[in-house]
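Q: Here the structure of chain A is known, so what remains is to put chain B in place on it, guided by the hints.
Protein chains: 2
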Amino acid sequence: MEKTSEKSNIDLLNDCDNFPYYETDPGLYDAALDRLYTLQVADDDTILGFVLPVVAEVLRGLPAWTLSDDDRSLVLTQGEDERERTAFVAATTLAMRQTGHFQVLAGWRDELYPVYGRDGALLFKIERAASPLFGVVSYGVHMTAYQKVADEYKFWIPRRAQTKQTYGGMLDNTVAGGLAAGERPADALVREAEEEASLPADLIREKARAVGNVSYFLVRDERAGGETGLLQPESQYVYDLELPEDVVPKPNDNEVESFKLMTTEEVQTALRKGEFKPNCALVMLDFFVRHGILTPENEPDYLDIVSRLHRRFEFPTVRLPGVSL
Amino acid sequence: MEKTSEKSNIDLLNDCDNFPYYETDPGLYDAALDRLYTLQVADDDTILGFVLPVVAEVLRGLPAWTLSDDDRSLVLTQGEDERERTAFVAATTLAMRQTGHFQVLAGWRDELYPVYGRDGALLFKIERAASPLFGVVSYGVHMTAYQKVADEYKFWIPRRAQTKQTYGGMLDNTVAGGLAAGERPADALVREAEEEASLPADLIREKARAVGNVSYFLVRDERAGGETGLLQPESQYVYDLELPEDVVPKPNDNEVESFKLMTTEEVQTALRKGEFKPNCALVMLDFFVRHGILTPENEPDYLDIVSRLHRRFEFPTVRLPGVSL
Numbered sequence: 015m016e017k018t019s020e021k022s023n024i025d026l027l028n029d030c031d032n033f034p035y036y037e038t039d040p041g042l043y044d045a046a047l048d049r050l051y052t053l054q055v056a057d058d059d060t061i062l063g064f065v066l067p068v069v070a071e072v073l074r075g076l077p078a079w080t081l082s083d084d085d086r087s088l089v090l091t092q093g094e095d096e097r098e099r100t101a102f103v104a105a106t107t108l109a110m111r112q113t114g115h116f117q118v119l120a121g122w123r124d125e126l127y128p129v130y131g132r133d134g135a136l137l138f139k140i141e142r143a144a145s146p147l148f149g150v151v152s153y154g155v156h157m158t159a160y161q162k163v164a165d166e167y168k169f170w171i172p173r174r175a176q177t178k179q180t181y182g183g184m185l186d187n188t189v190a191g192g193l194a195a196g197e198r199p200a201d202a203l204v205r206e207a208e209e210e211a212s213l214p215a216d217l218i219r220e221k222a223r224a225v226g227n228v229s230y231f232l233v234r235d236e237r238a239g240g241e242t243g244l245l246q247p248e249s250q251y252v253y254d255l256e257l258p259e260d261v262v263p264k265p266n267d268n269e270v271e272s273f274k275l276m277t278t279e280e281v282q283t284a285l286r287k288g289e290f291k292p293n294c295a296l297v298m299l300d301f302f303v304r305h306g307i308l309t310p311e312n313e314p315d316y317l318d319i320v321s322r323l324h325r326r327f328e329f330p331t332v333r334l335p336g337v338s339l
Numbered sequence: 015m016e017k018t019s020e021k022s023n024i025d026l027l028n029d030c031d032n033f034p035y036y037e038t039d040p041g042l043y044d045a046a047l048d049r050l051y052t053l054q055v056a057d058d059d060t061i062l063g064f065v066l067p068v069v070a071e072v073l074r075g076l077p078a079w080t081l082s083d084d085d086r087s088l089v090l091t092q093g094e095d096e097r098e099r100t101a102f103v104a105a106t107t108l109a110m111r112q113t114g115h116f117q118v119l120a121g122w123r124d125e126l127y128p129v130y131g132r133d134g135a136l137l138f139k140i141e142r143a144a145s146p147l148f149g150v151v152s153y154g155v156h157m158t159a160y161q162k163v164a165d166e167y168k169f170w171i172p173r174r175a176q177t178k179q180t181y182g183g184m185l186d187n188t189v190a191g192g193l194a195a196g197e198r199p200a201d202a203l204v205r206e207a208e209e210e211a212s213l214p215a216d217l218i219r220e221k222a223r224a225v226g227n228v229s230y231f232l233v234r235d236e237r238a239g240g241e242t243g244l245l246q247p248e249s250q251y252v253y254d255l256e257l258p259e260d261v262v263p264k265p266n267d268n269e270v271e272s273f274k275l276m277t278t279e280e281v282q283t284a285l286r287k288g289e290f291k292p293n294c295a296l297v298m299l300d301f302f303v304r305h306g307i308l309t310p311e312n313e314p315d316y317l318d319i320v321s322r323l324h325r326r327f328e329f330p331t332v333r334l335p336g337v338s339l
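In the order they appear, the protein sequences are chains A and B. Quick note: the first sequence, position 69, residue 83 per this note's numbering, numbers continuous. Quick note: the second sequence, position 165, residue 179 per this note's numbering, numbers continuous.
Derived from the structure by calculation, the hints contain no laboratory data. Since the model is a prediction, treat every value here as computed from it, not as a measurement. One or more of the hints may lead you astray.
Computed Cβ-Cβ distance ranges for the label pairs, DEER-style [as the list claims (entries may be wrong)]:
#1 A:D39 x B:D260: 45 to 55 Å
#2 A:Q117 x B:T283: 52 to 62 Å
#3 A:G121 x B:G183: 53 to 63 Å
#4 A:V163 x B:D95: 48 to 58 Å
The beta-carbon is built from N, C-alpha and C at its ideal position, and this holds for glycine as well.
Excised from the complex, chain A in its bound form:
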């Protein structure tokens, strides 16, 4: 539920990184896990994701899957390699789509996301829209384009199209998009910058700077579209781009309604009002931390915010994206 009062920065974290932490809330964490099934593949005890019972029940008795109530596991039992596992997972997700009782699959993308096991091994790929049903980590790229004059920053902030299924009409990062299986983050950024903001490839390759990663564990609410309570751990590669005054981002597809050059104060006001898509708010906070806009002296929750912007997951993550190991 959205709060009607103004959001503090730690509220913005709580809106997006809202799966419990064992270290600080062992009771809540254990209670959450008691309800869930762990996603695994055969002959491997690595936990790849968390699955709600309502999803797991649908797979009970399907030939390629074993649902065990004893150890609360959902195991993909078929498939000798990545290619075979991907085919079994595709058959399952297509069948789930056809039965039509998972609303989240209405947003089918025909785009495959990677699922990694130990040491960055690619275990299988899965349709993007289905990834929150299985609670696997998904990856993306987010870039903040800004102008800096003296010590004042201005940010190019897009408003999402009102018609978008997810977070329609909310504010976003200048460029953001998912990282498909086999894609290098730098290449995904070039593609998304062209598609979403009409920024030329040469400019991105020359001037965009990799500056870290923001990760959080989202329990989806109604704003995300589809079923609520689905588990979505996400890891976003973050980029900064300082733009000259004569370069102006423009919408290039129907995803973005408009861009506006906003002052730091305007961005902070919009954050407090909850106008940013929740994960994009975190990328803005990370920018503010890295550029000395949020400081130990002006932000009471500084340390907790910095840690929670960089959550470590229960699940293995990619090692070198774009490289098969």
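A: Just chain B now, kept in the frame of chain A:
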């Protein structure tokens, strides 16, 4: 133990952030906690630190303390407020120093570190040298001073005096020091920059930029001095300072032997050889991440490194440092 082979960047994390994580290693984490006592104050279930049995046993039967083997807790039972608790803790740590059987107290500093409870309440202060005996979070400031010409960085790197008790002769960050109770990070930075690197206060106040925080949970080895196995969760406020070519850091006390202006490649070679003090290596890696020197495409463990540079602790941390709540 130091490895003789070259260290990867994830090895550098493993050298410093070496207490297990529940999420990825629940078995190891539980085994570690089974051995330890939790530090608490009376009428408060907040866990403030982890204490080795060899330390806790020394406090068994002391009037102000209750050591419980049932719930493995060490509780400070006396003291109604911060001032009184601090007095009881001081009496205990002074007695421990006089008995002389904790080597780590040979490095007595006469400097008080803060210990926070829920919502940033200051519960008590404790002698700096004693903080690893009680496993409480300690705070510091670290600054990297650099030159940037075109896209090339050079770093002002000090070598610690050979005579220093801890990590003698190792490479360090340009400026680094502990944050005493009641001190603002920006003020501590000004003081340490003058003391350690002869950098003027005006320059620091005008040009040093707060850029985040690096946190890790260190299990101390012999290089730290004193007993091994002591638990030291640390949270370091991180600053960057771009220096003009005519500003040269110089040693100003007996802590630093010399400064050298090193290229990125020279710093990376020294990191691989294990020449940096372990926590200072992490601050360098954080710089490399934020400035696009380490990227998703050149560092296989990029995501794990970024998360582990920003560990979230089991223990409450400071909210606004320098402000009593």
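Q: Each hint needs a verdict: does it hold in this structure or not?
A: Hints versus structure:
no.: 1; hint: A:D39 x B:D260: 45 to 55 Å; result: holds (52 Å)
no.: 2; hint: A:Q117 x B:T283: 52 to 62 Å; result: holds (54 Å)
no.: 3; hint: A:G121 x B:G183: 53 to 63 Å; result: holds (58 Å)
no.: 4; hint: A:V163 x B:D95: 48 to 58 Å; result: holds (49 Å)
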